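Asks: In case you want the letters, here they are:
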Amino acid sequence: MDATVFGAWVATGLTLLIFSFLYKDTPLFKFAEHLYVGVSIGYTIVKTYDTVIMHLIVKPIVENGEFALLIPVAIGMLMLTRYVPKAAWMSRYAFAFIVGMGSGLAIPRTISSFILKQVEDTIRPLLSMAGPDGLTFSMNLLNPASNLNAIIILLGVSSVLFYFFFSIEHSGVGKAVARTGIMFLMIAFGAAFGYTVMARMSLLIGRLTDLIEFSDASYGRPTLWLVVVTIGVLVVLSRRAQREPPQES
Amino acid sequence: MRGPARLFSPITDHVSLITVMSFAERMLKIDRRIIFLVIGLCTLLPLLYPVGLPIKISSEVRGVYDHIESLPEGATLVLSLDFDPASKPELYPQAIALLRHAFKKNLRVIALTLWVSGTGMAEQIVTQVAKELGKETGKDYTFLGWSPGGQAVIINMGQDLYSAFPSDYSGKPTKGLPVLEGVRNLKDITYLVSLGAGRPGVEEWYVFGKDKYKFEMGGGCTGVMAPGLYPLLRSGQINGLIGGLRGAAEYESLIDQKGKAVAGMDAQSATHVAIIVLVIICNLFYFSMRQQKSVGQG
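Line order of the protein sequences matches chains A and B. My numbering applies: residue 1 is where the first sequence begins, and numbers increase by one. My numbering applies: residue 1 is where the second sequence begins, and numbers increase by one.
Keep in mind that the hints were calculated from the coordinates and are not lab data. What you were told as hints is all true, and nothing was included just to trick you.
Quick look at which bits of chain A chain B covers, simulated, 3 or more residues with Cβ under 8 Å:
#, stretch
1, 34-47
2, 51-65
3, 103-111
4, 116-123
5, 191-199
6, 207-219
Keep in mind that this is a model prediction, so the values were computed, not measured. Cβ coordinates follow ideal geometry from the N, Cα and C atoms, glycine included.
If we strip away everything but chain B, and leave its shape as in the complex, we get (with noise of 0.2 Å):
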């Protein structure tokens, strides 16, 4: 048999089949630690190379931005910090760049963090973004640290802020601090955005903050948690949400500061089409060796 016959022949087919199916077995059965390297260099390059991919602004995300944007300067701003350093690369983009927000419409920014663990590192962005804005502690913001009980801590602020936080991270006592002017408890403050990575973070703060002192309130979230926190914002709980280093990307191109969080951006895409293909390629190979099962049993 000589051209294009030979290429239909069934015995050829069987023989080609036979040899793709093996491929696909052998292929299934790959050493993880390959599918690691390409999810790795899938990482890796976009950050050595950047291409600068678009960003599209989520309403969710815009929803907390053009709330802190209609604000009025001296507007009181509380900022939750409930995450430790296990999920830095996600909320910390998202702490910088709404502190960046803030603190350049001249806000008070009262910040307290509801994780022990997270305690230094909340001072320390805190600190670092005043610092780059001029921003003096006790008069422009203050930190309040952290205190023990979670929703308790909540519920004490929603009653009294002083003896919730008696004295801010440093040992000032928080009575008479210039930033607290105006504010006894939770139902003297403008907006209040918890960046979340778990509990208690955005949940506790609806729960045992804003639906019982009435306040406006935004959040942000890990990656994990988003999907979660979805109806909260559809059912108008909260008013926007930023999730994971997406949501923090969108922010930082918002207020046209764009840190590590638009950089990862590539990287990002990279590595959800590099996962996208292997899951369609496992599919194809699965379903050829199935084939090949039906094709052997026949």
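Just chain A, same shape as in the assembly (with noise of 0.2 Å):
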């Protein structure tokens, strides 16, 4: 059997048992969970041993003579100390390198990126100049930098911002300002949330997509004949379920 078409059985059987989850939770999803899971794994163990081990240690060193490497091994040998009780203190040092190198490569970049980066695009000017004649306001919700859209985002973080101040009561003109976060807070959530569902249902299209396409006679019409046999032995397990007695708790 070709590779190709050997592959569209899979990915279709696969693709069949998963969806079973859909009807209820049954062996063939747990099946094709444990399998997916187990999968994942081991390709990822093999492609680090691969790249990791052979290429960026064992390959250098062997070939080239990169013995500096042999630093860096040292380092992440010292994580595997954890296991040796008695001698565990020492991937501490380890454990060390790596908060200390990860938080001084992260902390001015972030502070750089998230921080000041976006607290200079939130202060923007609420009038734009407007040559020689004076100044402008543009209305244009579109144009993510119009004045208009500069003044809902500072009303916008100004408002969340105070609803997560917590220090006085949220009574009188400061209550209308959280609420106002609040409706920011729930437009925002209301968005990620619409994106959320876009990406679930392109997932799903993903594989309704395969599934026709295996659906072909040059692939041996796998999609047909594994809904077949997926819709039976549900059903199967389905009245073999309802002939047990059913389990005392």
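Two chains, two separate frames, one set of hints: put the complex together.
Replies: Okay, here's the thing in structure tokens:
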């Protein structure tokens, strides 16, 4: 059997086994789920071993004599001392190195990229200079750089920050500002949820597109055959479950 | 009572209200598998019988397209395929469309991935499109594969690309590859696009790449991630964003080579309409039940 055709049968079968969860949690779904986890971990281990151990450590040391690589290897090996209780303290040096280096790299860059740049973008002029004539105010909601959007962003940021400011009671004017903050938060959650729905539907479209493609005769019509088999197995499992007496809790 | 007078009888009104309410209650307790079936049919039918709804190009997708379009022949494009098969339906069409565009423009493509679980798929995507457009590995493009470290790889590439990737995916030494001529580190590249399904992805490429080594950058991402990346887009930190399957469909339309993403747009629209209708119906039933309770209490 051609590898592509075999791949089509495997992909179709596993997709249908996973989809069986939409009916109910069945052994078919569990089998596919466990297989997925196992294959993912196995693939990751093999690729990591090949890339890291063989290509980035063994080959440069053996072929090019890059013995300086033994220093990071030694630091990495210290991690494994976690499994030897008496020597576990040594792993702290490796963790200290990772935490120190990671923080040193991440903190300044994150402050620059996500705080300073975003603050700079939030504080935009509410009115624009329009040549020598004077000031203008652009109302275009679709233009992210319009003055109206600058005001909306300013209102949103201020009211949401105020909503999370718990040191004073949210009453009177404060209550109105906090409520405005909640409204902005709700709009943000709604937008995020809308995009999430779109993403999930895209995944479904992806699987169904493949199932349609694999219903072609050139693949041996795995979709049609395996749909029948999956439904048949679900019926058998369902009947067997009905015959079995309910388990006592 | 006859005619219209009967219709407005308070007793009949109450009875019909109760009937409607119990219907609402039944509908709110409907077996969820029926909803799955409705969504499944709304997805499947447009895929089988496409309508060809128009696709409007958004400014964020056009940002990436226009920038690639403006690049001269031989410019260097780094394409980081930071996703795995779990995000294939959304990011695979984006990658295919971007590569087709880059190869048609005769750009030098340097592809890589920061996700170990996506290595095989990334290599397959690059090789497939290169073969389709007659491009030669090592000369027109290279796939560097995966290197461990995530953000550390980006920093390493910023200092010395050859130390981060001493060899390409096939094991050929990267030093001396014609496609990498004149490229020592990230400062020497013309444009970078990260197609990310999480971390490391677009944000890491910006924070540890663009912000430090000052090159132009665009992004592509799954639909779930898109709202979180819009602030980077608005502030000009990235010059374009391809979001989800929709973004991929827009890009396919821009390069005039319609593929899987465009084919999925009818289904996407149909499911969105179905979900909106379901949300409206559920709310109507919910408020009907509340009214029923208040009538019962009164």
